[in-house]
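Q: Spelled out from the first residue to the last, the chains are:
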Amino acid sequence: METLRIETMGLGLAIRGSTLLNDISIQVATPGVTMILGPNGAGKSLLIKCLHGLIAPTRGRCEIGLHQDGDPIRQAMVFQKPVLLRRSVLDNLQFADRHSHQKEALQQALEAVRLLEKKDQPATQLSGGEQQRLSLARALITKPKLLFLDEPTASLDPASVLIIEQLIKQASQQGVKSVFISHDIGQAKRLASDVIFLNRGQVIEHTDAATFFTNPHSREAKAYLNGEIVL
Amino acid sequence: MPDSAFLEAFELIATANADLYEILWLSVQVSITALLVSVVLGFPLGTTLAISDFRGKYLCTTVLNALMGLPPVVVGLLVYLALSRSGPFGVLGLLYTPTAMVIAQVILITPIIAALTYQVMDDLHHEYRELFLSLNIHLAKAISAYLWDARYSLITAVLAGFGRAISEVGAVMIVGGNIDHLTRVMTTAIALETSKGELAIALALGVVLLTLALLVNGLVTAVQTRARKYGYN
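If you read the protein sequences in the order shown, they are chains A and B. With the first letter of the first sequence counted as 1, position 40 gets the number 42 in our numbering; the numbers rise by one all the way through. With the first letter of the second sequence counted as 1, position 121 gets the number 1410 in our numbering; the numbers rise by one all the way through.
Calculated pairs, DSS-like style, for lysine-lysine (alpha carbon to alpha carbon, straight line, at most 25 Å): (1) B:Lys1430 with A:Lys83; (2) B:Lys1518 with A:Lys83; (3) A:Lys120 with A:Lys83; (4) A:Lys121 with A:Lys145; (5) A:Lys147 with B:Lys1430; (6) B:Lys1430 with A:Lys145; (7) A:Lys105 with B:Lys1430; (8) B:Lys1430 with A:Lys121; (9) B:Lys1518 with A:Lys120; (10) B:Lys1346 with B:Lys1430; (11) A:Lys145 with A:Lys171; (12) B:Lys1518 with A:Lys121; (13) A:Lys83 with A:Lys191.
I should point out that these hints are in silico values taken from the structure, not numbers from a laboratory.
Take these sequences, add in the hints, and give me the full structure.
A: See below:
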């Protein structure tokens, strides 16, 4: 299986004179889920928006590519607050479907997120958990190689969290690389293959998950894992 | 006497008085034509303003919002000057024709439709922008999605434009001239018949106009209720 590589060199972002991301240099070449952890305001969402190309960094650069040369990398993103079109559940899925899947394939995608019986309902009338599951199904229907998830399970019911985590694991097994932001340390332990710990717009630590959770190097990461307030 | 005028007015409506329905038909024709032209101009203008980013955008939206309150008599006067024999478009011979009335109404309602479209599209653009970038949606598909998802709000904007057009009097009086069987519409006929003391026909037209206004408002409420019901507002 090809391993997707994400590399940033001196990536920085400043808005109106305020530095929000500072000299971020990371190399990710592991399969599975790269978890981005850090306190609020650390720059996690900005970092994945830069990686995904939604925000242009003001300094440095970011490269995403396969080890072997190939087509441009298909990417998708699940936002913290689900953004759904004002139309039915099925129509939301169809809108993103670049591969013109048959109706059965779309129905299978809805079945995977337990929303098939609600396919004709207005998407905006789903519960928060259902909306986020639909967002994930919509991202996955585009067949991404790289999936960004910005706190997709924040404030969701446990059933929705479980479905989303299962789908992420399944996608990983199928070779989809995920970059996942979470504040839930338990979830990070369940999913992460490696962890990037951010604080104040800087990478404090980037190690494999086992090392991060058992023997974090930085004082900030230790404090964060101990449930202390990191400023 | 007002009582007999009311009775006579309802009789005119009930017996489908030819003059009354001629005036009603012309009013609807002029307003619908103006509305269609305004939609063709206003939707793209409002949408373009909402989804594009350029220097002077704030000024443009401020001017557009200000144009919603254009005084109809001033618009009438300007269109009159433009279309009069000595004006730049005098050669077209459009003054005192329904076309001149359509032009005046287009100038009045296009800013309303464009400004309301802008507001709806601007909100949607802020909501959908990152999603569309993420999904790599091309511009044409994004615009059609904006138009479709804003359909209920846009219908409300169109109905608001129609309400303004059908009830407009000052501009169409100046550029149409209120000529019998040619440019006489409901509002100008009401003004004329009232000044002549012909209250029955004025009241009959007033009742029809009021009914139309109520119908349009009823439609707006129905559209908004449906949008709320389905979470599409």
